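Fit chain B to the supplied structure of chain A, relying on the hints for placement.
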Amino acid sequence: QQQVRQSPQSLTVWEGETAILNCSYEDSTFNYFPWYQQFPGEGPALLISISSVSDKKEDGRFTIFFNKREKKLSLHITDSQPGDSATYFCAATPTGGNNKLTFGQGTVLSVIP
Amino acid sequence: EAAVTQSPRNKVAVTGGKVTLSCNQTNNHNNMYWYRQDTGHGLRLIHYSYGAGSTEKGDIPDGYKASRPSQENFSLILELATPSQTSVYFCASGDGGAGQLYFGEGSKLTVL
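Protein chains in written order, with the working numbering: chain A, 51 to 163; chain B, 3 to 114.
Because the hints were derived from the structure by calculation, they are not lab data.
Keep in mind that this is a model prediction, so the values were computed, not measured.
Certain hints may be false.
Stated by the list, open to error - Below, simulated DSSO-like cross-link-like pairs (lysine-lysine); rule was C-alpha separation at most 30 Å, straight line:
hint	chain 1	residue 1	chain 2	residue 2
1	A	K107	A	K118
2	A	K122	B	K67
3	B	K59	A	K121
4	B	K67	A	K150
5	B	K13	A	K122
6	B	K110	A	K150
Pulled out of the complex, with its shape left as it was, chain A reads as follows (with noise of 0.2 Å):
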């Protein structure tokens, strides 16, 4: 049972475009999503994060939209870049849960020049 889930598996974009990583989760417990870039051959690094009290959040070109009562997220990347290629997870932890993170199935994004 995948407690988070995300789609598309793998999407193609032309540099500039706007990609769109979706994710939904089913536990209510779960208060932040953090979401990590992960390039070839290297571990995961968090890129950015939201908790369940905000409804955006936006780092440069990354920006979240969390929707509580639908249970659901989705990253943006807007203006996106060849170096933008990598797998993104989408996590969920709930508060208190000491950062034990349940982690999506991973989107692979590929920017073409």
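Chain B in isolation, oriented as in the chain A frame:
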């Protein structure tokens, strides 16, 4: 800068053999974690620790043991390795509760 280092980076083991994956962190974090990464499953939590001497079962602990002898070191032990444990294993550390973990570069394990 936060640093988590894993060893070995690559390991080939035989079925039934014992494998130990080691992790060292210089972040002075209390919490450490072992995840495995498989295509289609993302990262799944195997064991974690809240501090030296403590280990807790994660979501998929069967076939694995963990050891936290000190604040800095956290090991994952496969007493009897099986081909289904072929995977990439990641160690991470992180306190604070908001989901920020620092990951190592991974250990690729192949069990033949």
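Practice item. Check each numbered hint from earlier against the structure, then list the numbers of those it violates in ascending order. Key: 2, 5
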